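Peer 1: Okay, here's what each chain looks like letter by letter:
There are 2 protein chains.
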Amino acid sequence: MPQILEQEQTHSRLKAVNDALNGGMFVHVRRMLHSLPAYDVALLLESSTPSARPVLWQLIDPDQHGEILEELAEDIKDSIIREMEPEHVAEAIEGMESDDLAYVLGSLPESVFQQVLSSMDEQDRHRVEQALSYEEDSAGAMMNTDVITLRPDVSVDVVLRYLRLRGQLPEGTDKLYVVDKQDKLLGEVSLALLVSSQSELEISEILEVDVAPLSAEQHDSEVAQHFERHDLISAPVVDGNGCLLGRITVDDVVDVIREDAEHSLMSMAGLDDEEDTFAPALKSTKRRSVWLGLNVCAALLAASVSNMFEDILSQLATVAILMTIVPSMGGVAANQTLTLVIRGIALGHVGDSNARWLLGKEALVGFMNGMLWAFTLAAVVTVWKGDWHLGVVIAVAMFVNMLMAGIAGVMVPLTLKRLKIDPALAGSMMVTTFTDIIGLLSFLGTATVMLR
Amino acid sequence: MPQILEQEQTHSRLKAVNDALNGGMFVHVRRMLHSLPAYDVALLLESSTPSARPVLWQLIDPDQHGEILEELAEDIKDSIIREMEPEHVAEAIEGMESDDLAYVLGSLPESVFQQVLSSMDEQDRHRVEQALSYEEDSAGAMMNTDVITLRPDVSVDVVLRYLRLRGQLPEGTDKLYVVDKQDKLLGEVSLALLVSSQSELEISEILEVDVAPLSAEQHDSEVAQHFERHDLISAPVVDGNGCLLGRITVDDVVDVIREDAEHSLMSMAGLDDEEDTFAPALKSTKRRSVWLGLNVCAALLAASVSNMFEDILSQLATVAILMTIVPSMGGVAANQTLTLVIRGIALGHVGDSNARWLLGKEALVGFMNGMLWAFTLAAVVTVWKGDWHLGVVIAVAMFVNMLMAGIAGVMVPLTLKRLKIDPALAGSMMVTTFTDIIGLLSFLGTATVMLR
Chain A
1 MPQILEQEQT
11 HSRLKAVNDA
21 LNGGMFVHVR
31 RMLHSLPAYD
41 VALLLESSTP
51 SARPVLWQLI
61 DPDQHGEILE
71 ELAEDIKDSI
81 IREMEPEHVA
91 EAIEGMESDD
101 LAYVLGSLPE
111 SVFQQVLSSM
121 DEQDRHRVEQ
131 ALSYEEDSAG
141 AMMNTDVITL
151 RPDVSVDVVL
161 RYLRLRGQLP
171 EGTDKLYVVD
181 KQDKLLGEVS
191 LALLVSSQSE
201 LEISEILEVD
211 VAPLSAEQHD
221 SEVAQHFERH
231 DLISAPVVDG
241 NGCLLGRITV
251 DDVVDVIRED
261 AEHSLMSMAG
271 LDDEEDTFAP
281 ALKSTKRRSV
291 WLGLNVCAAL
301 LAASVSNMFE
311 DILSQLATVA
321 ILMTIVPSMG
331 GVAANQTLTL
341 VIRGIALGHV
351 GDSNARWLLG
361 KEALVGFMNG
371 MLWAFTLAAV
381 VTVWKGDWHL
391 GVVIAVAMFV
401 NMLMAGIAGV
411 MVPLTLKRLK
421 IDPALAGSMM
431 VTTFTDIIGL
441 LSFLGTATVM
451 LR
Chain B
1 MPQILEQEQT
11 HSRLKAVNDA
21 LNGGMFVHVR
31 RMLHSLPAYD
41 VALLLESSTP
51 SARPVLWQLI
61 DPDQHGEILE
71 ELAEDIKDSI
81 IREMEPEHVA
91 EAIEGMESDD
101 LAYVLGSLPE
111 SVFQQVLSSM
121 DEQDRHRVEQ
131 ALSYEEDSAG
141 AMMNTDVITL
151 RPDVSVDVVL
161 RYLRLRGQLP
171 EGTDKLYVVD
181 KQDKLLGEVS
191 LALLVSSQSE
201 LEISEILEVD
211 VAPLSAEQHD
221 SEVAQHFERH
231 DLISAPVVDG
241 NGCLLGRITV
251 DDVVDVIRED
261 AEHSLMSMAG
271 LDDEEDTFAP
281 ALKSTKRRSV
291 WLGLNVCAAL
301 LAASVSNMFE
311 DILSQLATVA
321 ILMTIVPSMG
331 GVAANQTLTL
341 VIRGIALGHV
351 GDSNARWLLG
361 KEALVGFMNG
371 MLWAFTLAAV
381 VTVWKGDWHL
391 GVVIAVAMFV
401 NMLMAGIAGV
411 MVPLTLKRLK
421 IDPALAGSMM
431 VTTFTDIIGL
441 LSFLGTATVM
451 LR
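Chains A and B supply the protein sequences, listed in that same order.
Position one of the first sequence corresponds to residue 1 (the numbering used here), numbered consecutively onward.
Position one of the second sequence corresponds to residue 1 (the numbering used here), numbered consecutively onward.
Next up, chain A with everything else stripped away, as it sits in the complex (with noise of 0.2 Å):
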């Protein structure tokens, strides 16, 4: 529990808020508000529950709520943005970058959306017709067109004196663009390179051609691998054309980092990447609840194989005692290969040149802890139950069960991966049904052969 220390300011904070918040203080909060930075604002509404979030939003000062619009997570920035009047909207995104102001206004509602952008100032609306014209999860859509673009041919020297006169450069910027007279990308030169420069080069002398361009229409997964493949700050953005549209920065990119890594997490127990913790229940009951729908068929599925073996559990009821222990086993082992798998897959480690030595490992591991548990149950089974035919069957079932946990945490990942389904959303559910059956069949199985 590492962030603990960052956690206990934010709660304390919180409790304070609502504190203040259930006494009535208004005029307190607003100014406890008001000291904080847009993050830790932000933070604080996606801590709060959904009736205190729209109160604290009349609370906070409207100039801040551009900057904080920028920081929420999607889910409660949306929820935010249907509650407030077409103007407000409009004067919350002045200023905001392109990236985020295409963002809040491709969650308008089409009639509000009109009205918003018709109150807004020529150039304004130009970018952001432009911004919407990508992919929602585009490099597109992610990038900024607030960009300083140079000529090849001017030196050193003429570069510094225009920046100088040309006073704050747009946030961010740690490299200069280079372009021909047709917004052609040439190159780039970092600050750092043009303040370490002699002052009489030209820039076509010292510009870096090397540069690796993203597409504007690359999935922002894959901009988030080019730069860590990098190591980038930022990364210029051109058309089909190789011409400059924008760059993108380290900033939104560690987002989408972090996202593409909770993602397996959330979607493993069937949960969507976005899910707000603080929903209200009967959405949260109703998103769920399609999840439980396909676990009740698995579960039925599995009943229904244990309905095969109706003869056996009739006459021995330590065999329904034990049946939950084998398939267990199984899935927390298919669990964990699969887990394995996945996390291979995103990392781009595992693929087809080397599934199949994968598979055999996965085998094999299943193989040996198939045999380490077999035994010991089987000892443990032997000596509770005081017979040893019992000991033979789970031993039995638990290994063919490992070993097919082991193939199936293998398997699954990499056909959905073919299939082009998400193997971390339905991977869970597939290796725990698969095992279950197996674990079921081969229990219950052996016990019909060896006992009755």
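Don't read these hints as lab results, they were simulated from the structure.
Every value quoted in this text rests on a predicted model; they were computed, and no experiment measured them.
Each residue gets a CB set at the ideal place from its N, CA and C atoms; glycine is no exception.
Among these hints, one or two may not hold up.
Stated by the list, open to error - Covered by chain A, per the in silico footprint, the following chain B stretches (three or more residues, Cβ under 8 Å):
hint: 1; region: 258–266
hint: 2; region: 376–388
What the hints assert, rightly or not - Taking beta-carbon pairs under 7 Å as the criterion, some of the chain A residues facing chain B (in silico):
hint: 3; residue: R229
hint: 4; residue: I233
hint: 5; residue: T285
hint: 6; residue: L292
hint: 7; residue: S328
hint: 8; residue: L340
The hints should help you fit chain B onto chain A, whose structure is shown.
Peer 2: For chain B alone, coordinates are given in the frame of chain A:
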């Protein structure tokens, strides 16, 4: 599957390398490896089997060794370093950034460590000894000591001339730090600000004093939160007296963010964060058997609960057939809530101030999903088994277990957090065991009362 493009590239490369290796075309492999950036070579090594890794490593140009070590996952880095000759390690780490340097040296056996240290030059040795004096996951171990500092009383023009004389800046430099004669941090000047300021201004007139430096003792997760909170590209690190020690850049922070996000995923399956997908089977078997051993105990506990109901089980095989459904549904529901709470804790959303509200909400979700699936299964079972008594039994048990699942899904992680135990590691098995037991108790208990 957004990363498919990049992945396919990696895997067609890996396949080509493997084919060439198996064909004995070492010169060809050497040429292929040489043409790839360090990141891609690291990915190739990570995606290779344990037996292929040493061969590949031998074929890599030794000049690239350092860069590739910097990119490798820890488990694999360790195994490669252990195989290297001390002189070779000393060569590879030359010019490495101090954080990576400290890591590599820290993972060497003591005797080799001394040998490597003695073969380094004075300055490098000093940097290493300093970096090694911090805890492994601290800001001190992440930082680089290669920073450019300024005095406040010089002009922008002088600084620009100094930088031009100095030549190439340290990699990733985006800011210069302003310190007094005792190295105490006074503030920072970004390169963007420097180049856009009038040249006659003094540094003291433009410096940004509101920098919130990190302390060298802070945990890396706190560092990551600090970067996300302030959308930083780099941040200064100071000692207890406010003296500048070094700086941390965002590319190292990105690794921490990914690791932290992956931690929950891996822990919930009882896996180590750094688990190598292609580790030898015996090593994987040993690591995973601990978790499986815990699950054996949990499964035996559940079986001993069933054992208490031997009477009803020996009278009615149908009860045995249906008894796995209720525990299965409870387990899924509890893990949904648990996952949500674990993510909420990691993001800093869930704490004392809203724990009670969240408990109420999740209990309500459990109540509603309990009602829904109680009715559904009652209908299914009544039709299937032609006995409405069984329908009532499963409905009662389902409702009780779903309600308890919601409560356990909140209470377990919060209690573990209070006890300073990682909820991601222990939580999943605890809630599953709990819902298994409650599910069996309520189903078999109700069946005993109603059907006997």
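Peer 1: Which earlier hints turn out false for this structure, listed by number in ascending order?
Peer 2: none
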